[in-house]
Amino acid sequence: DGGITQSPKYLFRKEGQNVTLSCEQNLNHDAMYWYRQDPGQGLRLIYYSQIVNDFQKGDIAEGYSVSREKKESFPLTVTSAQKNPTAFYLCASRDREDEKLFFGSGTQLSVL
Amino acid sequence: GQNIDQPTEMTATEGAIVQINCTYQTSGFNGLFWYQQHAGEAPTFLSYNVLDGLEEKGRFSSFLSRSKGYSYLLLKELQMKDSASYLCAASLLTGGGNKLTFGTGTQLKVEL
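Sequence lines, in order, name chains A and B. Sequential numbering from 1 applies to the first sequence in this note's numbering. Sequential numbering from 113 applies to the second sequence in this note's numbering.
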């Protein structure tokens with residue numbers, strides 16, 4: 001079955017530590033996105049990529065980094081510079097012929 | 113800047129009809145999405161409006177007025193399982209490609 005896989009489902013970060021959230025899709029989609037969701041809030045765009053080896057900052061990119069070395073993979077690193085990383089992180093992808101976003105099941109990141 | 117507004121909470125009765133409104137002020141507007149999200153889960157696609165007018169899909173309908181910057185989602189014959197957050201999102205054309213900007217979501221509670 002085609003889809004978007006995010007791992008892990010739950011992740012804990014210690015102070016000063018970088019952590020990487022995985023996002024893999026086998027839908028052959030060109031565009032991929034990372035969103036952050038805080039309790040009771042909507043989704044805020046962190047980074048997005050329209051094509052391999054290219055990505056753009058979203059509205060809240062500070063303290064995060066991404067790479068897009070392969071079409072199917074778009075990992076997100078939450079760096080120690082992100083002072084309030086606790087949130088639900090959602091990865092999404094989109095086909096260039098379709099406006100609709102397909103979402104992964106999310107990763108809940110918490111700080112120890 | 114981009115601004116999308118929707119009510120924070122709504123309550124309705126099982127079997128009734130509810131309308132969730134969304135207003136937006138954006139540049140590069142390309143279309144309007146509605147997503148449904150249950151707690152701790154990924155958003156799921158409900159509708160996409162590009163042109164003005166009403167689009168009906170089973171118990172759910174969505175309306176768009178581009179000149180007024182206004183959309184609504186209409187849910188008929190409400191069921192308990194419709195209790196969820198409903199996210200309004202504007203598709204925007206930017207120099208870096210398409211991106212979706214989300215409102216904060218409307219938490220709908222369906223009661224007996």
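For the record, the hints were derived by calculation from the structure and aren't laboratory data. Accuracy of the hints is not assured; some may be wrong.
What follows is a set of in silico ranges between Cβ atoms, one per label pair, in the way DEER data are often shown [to be verified]:
id, chain 1, residue 1, chain 2, residue 2, range
1, B, Glu126, A, Thr77, 37 to 47 Å
2, B, Gly208, A, Glu97, 24 to 34 Å
3, A, Leu112, B, Lys180, 15 to 25 Å
4, A, Asp98, B, Glu126, 30 to 40 Å
5, A, Gly16, B, Val162, 38 to 48 Å
6, B, Asp164, A, Pro8, 37 to 47 Å
7, A, Gly16, B, Gly165, 22 to 32 Å
8, A, Gly16, B, Glu167, 43 to 53 Å
9, B, Gly208, A, Thr5, 33 to 43 Å
10, A, Glu15, B, Val162, 38 to 48 Å
11, B, Gly127, A, Glu69, 14 to 24 Å
12, A, Glu69, B, Pro119, 41 to 51 Å
13, A, Gly63, B, Pro119, 27 to 37 Å
Model, not experiment: these values are computed from the prediction. Don't be surprised by glycine CBs; every beta carbon is placed ideally from N, CA and C.
Outcome of the hint check:
no.	hint	result
1	B:Glu126 to A:Thr77: 37 to 47 Å	holds, 45 Å
2	B:Gly208 to A:Glu97: 24 to 34 Å	violated, 19 Å
3	A:Leu112 to B:Lys180: 15 to 25 Å	violated, 48 Å
4	A:Asp98 to B:Glu126: 30 to 40 Å	holds, 34 Å
5	A:Gly16 to B:Val162: 38 to 48 Å	holds, 46 Å
6	B:Asp164 to A:Pro8: 37 to 47 Å	holds, 44 Å
7	A:Gly16 to B:Gly165: 22 to 32 Å	violated, 53 Å
8	A:Gly16 to B:Glu167: 43 to 53 Å	holds, 50 Å
9	B:Gly208 to A:Thr5: 33 to 43 Å	violated, 25 Å
10	A:Glu15 to B:Val162: 38 to 48 Å	holds, 46 Å
11	B:Gly127 to A:Glu69: 14 to 24 Å	violated, 52 Å
12	A:Glu69 to B:Pro119: 41 to 51 Å	holds, 42 Å
13	A:Gly63 to B:Pro119: 27 to 37 Å	holds, 31 Å
Against the hints set out earlier in the document, violations occur for numbers 2, 3, 7, 9 and 11.
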